[in-house]
Amino acid sequence: MSPLSRLSSRAKSLGRNLFSKSGVEHDLDEELRAYTDLLAAEKMRAGMSAEDARRAALVELGGLERVKDDVREVRSGALLETTLLDVRYAVRTLIRRPAFTVVAVIAVALGIGATTAIFSVVNGVLLRPLPYTDPDALVAVLHDTRDPVAPANYLDWKRQNTVFSTMGAAQYWSGNVSGDAPERVQGLQVTSDVLAMTGVRPLIGRLLRPEDDAPSGELPVVLSWGYWQRRFAGRRDVLGQQLLVDGTSYTVVGVMPRGFDFPMFWATGVQMWAPLALGERASSRQGQSLRIFARLAPGTSLGAARAQMATITANLEKAFPGTNRDVTVTPLDTMVVGNVRSALLVLLGAVGFVLLIACANVAHMLLARATARHREMTVRLALGASRGRLLRQLLTESVVLAFVGGAIGVMLARGGLQALVALAGNSVPRAAGISLDPWVLAFTVVVSLLTGLGFGLLPALRVSRSEMSEALRDGARGSTESGKRGRVRSVLVGSEIALALMLLTGAGLAIRSFVALRAIDPGFDPHGVLSAEISLKGTAEAAPGSRLTFYTTALERVRQLPGVESASLINHVPIAGDIWGLQFIVDGRPRPQPGDVPRAAYRSVFPGYFQTMRLPILRGRDVTEADRLGAPMVVVVNDFLARRYWPNEDAIGKRIALDPGTGQPQWMTVVGVVKNGVQTDWASPASEEVFLPYLQDRQYLESDGGHVAYMTLVARASCPTSSRCNPAALAPAVRDVIGSLDRAVPVTGVQTMDDVVSGANARPRFTLVLLATFAAVALVLAAVGIYGVISYAVSRRTHEIGVRMALGATPRNVVRLIIGQGMRVVMAGVVAGLIGALLVTRLMTNVVYGVRVTDPLTYGAVALLLTVVALLASYIPARRATRIDPLTSMRSD
Amino acid sequence: MTDTRTNLLQGTLDLLILKSLALGELHGLGVARRVEQITRGTFQVKPGSLFPSLHRMEEAGWLNASWGTSENNRRAKYYRLTAAGRRQLDAETGEWKRIAVAIAYALQAT
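Same order as they appear, the protein sequences are chains A and B. Take the first sequence: its letters are residues 1 to 893, numbered as in the working numbering. Take the second sequence: its letters are residues 1001 to 1110, numbered as in the working numbering.
Errors might be hidden in some of the hints.
Said to hold, decoys possible - In silico SDA-like cross-links for lysine to any residue, where the CA-CA straight-line distance does not exceed 20 Å:
no., chain 1, residue 1, chain 2, residue 2
1, A, K654, A, Q583
2, A, K43, B, I1103
3, B, K1046, A, G63
In case anyone wonders, no lab produced these hints; they're calculated from the structure.
Turn these sequences into a full structure, and let the hints steer you where they fit.
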């Protein structure tokens, strides 16, 4: 027989076996029946009675099931076939017990749904490679991981290194684009290497070219897909069109594909890229404004790159002290997801616990059922089914259960994912790419399978191993539970409690962190304040002289708006705004070495800023209208700076100078000390901060160029009560005021300070809400588990309890007996859980704030909570036990 | 020969079944009885090994099965050798003879 025809013969019978399944089964039945009949007939001919002959024939057949099984085994697709058979049987069994099935499916669906949702976040954020060519070779070269770099340093690094195939610089850029509706557009100025190193090709047109790095004549600009759609309605003829940004004309040369974003950890949502011309700044080692990106040369390791950069910067540091410290080479991928990784992994672990608890729950539901199905299994064993077959069938049943739960779980995850992404807000990078992609679905299938095997294996082993004699003796009921099975059940519930306790501890720590974060005093009172950026770039008001007039008039009018209690202007509002650090020196102290000069956050304010923000002035005064050019130079400092440089002295009247350089310091006298306020990061400790009067800040008043032609308006709404405060309602009026002064001036970044603060806490809130949700689900599942086990025990001990009560036990004794039994398990679980929590919460060290991961209060509280819930869960069935009527219970046997 | 029955090598059983069908079609019990007959009662084929073997060889394309009526008017499944089955019988017969001769030599050797 040729292999080919053999194959076709196999294929034919495989088709027959699978597609006419019932026919084949039916044939087999009939064939075996015919065999038995013929055998019996033979025996009758030999003189047996009809009945004896029939019995003898059946005995000789030796187990109908076994023969059928053996035949099935040799048929093509036997495994598939018996599996299909088992699946059909499992579905029937599950449908026959709807209550059990629904509860089990819900538990599994919750577990798998939550796991799927969190895994899709982990997959979208951590596992998916960055959408660039060979993303692992991309690095960011910055000071101290994230701080920008001075142009001259960048140029030296680029020249001297041999470890990078390309290195480029990017600088934040935002400009007012003129048109019917003036708007502020976020952009980046980049060297041509930056876009090129991503390996992403433009959708239409071209990227920036090396010759654009020293542009002569026309300035090119590359647009994002979104901006192209919005401003040019996606028209192809956009190439070659002019875009007027801050009064300078740019020619559109290309459009990036949809979703393009680089470098993702900074300057996200950029809408246009233009050449970066360093000009005279090329020799500066002071103005640190560039972000440097590079691609490792082929075959170069990160370690080698770091080693060479260390050498280069050490040499430069020797030549130019204080300019090349702490230069770090960090993989781009670490920059993007670095700080969210631990939070996501904690959540993934937490959700895994929920799934384990759900599994344990379903497992002991199955165990309870196993007892009920004992007879079914015994009968099948007696009919000759092998234990292996029974095991396989029982496992099929639990896997079917798991898959149904998994399917519903995926639907839950789909819904939950949107809420999750919304909750994550900007606190999770790459959130837009989170979806239930094929990887996630594959993960869910595997998890469902493992879940089904996980919770099914123990009960199935138990059932299929059941002793025939024992089972037949047992009868349907009335037996006390065998000690071994009871122990398994207790271990399951104990583990559930332990897992739930660990989750609750995690959630407790998250709650404590969140409370601690909320308790941080930002210094100012964000409630009731609206902030909006007003940029004059590229407008007629941008000239140094006009700026002051414009802002003074605008502020004047905003202050007169109804509903405005007070208003002021600041260059960069805390948290939401940029932050500029400036070096300063203190009068009367020796000048520090270059590189050791202290820095302070630098703010330029109009009078009334502290009042509007309700940032208390501790000593001295606010800046006033009188602090203008020509008047003595003054400054307001924060309490931190005052205490640090003039400890035990009054800072008022002391002098500092900003940006000293090497020349004659411009001394400014401290006239006020304000409370420490949050600067950029919500939870960062206080550091030096200085407030200059805008009216005598030469940088803001007199500099040419766009980089100072903007201010942020803060307006406090007058609120009848604190709960009826709606500063957002001021926004239209503010826009009208600005529009009435100059229609070309855009008002952007309009948001309430409440929203700003809330955004700053988005990630801890995300972690908290998820952990708390998981912990709540775990608590409910564990309570259901305890309840189930205790009520099962009560039902098995009805007889015993009846006897006890007949002998004079009071209901109190009975309750104590039942609860006592439950509590032993609970206590063991609590102790194991506390130990486990001590071990696993160490992973949360990077996630918590203001609380230690070993916080005894949290541990005590969750242990108490869990114990109380467990007490309640076992009290209900215990109460029921007291209502047992001794007479009925004994008669029932 | 209880041991022989249980230890009957699968290949041997297949060969005996093929041989029993060489003369014409038979139903399951017929096969069992025919094997008993041609081996002079040495081999008694139990249904537990008979049916899996029949079905396996049907799968392999060596046997054809069809429903017919038995001697006592009972619907029964009859097996018949296919051309491939005949070739298989020839091949296995030749193989078996070679082995038998070889083993006979081996046992005669002193």
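Do the hints match the structure? See the list:
Between A/K654 and A/Q583 the alpha-carbon distance is near 17 Å, which keeps this suggested pair within the 20 Å criterion. With a CA separation close to 39 Å, the supplied pair A/K43 and B/I1103 exceeds the 20 Å bound. Only pairs whose Cα atoms come within 20 Å are accepted, and B/K1046 paired with A/G63 is accepted, the gap being roughly 11 Å.
Violated hint: 2 only; the structure is consistent with all others.
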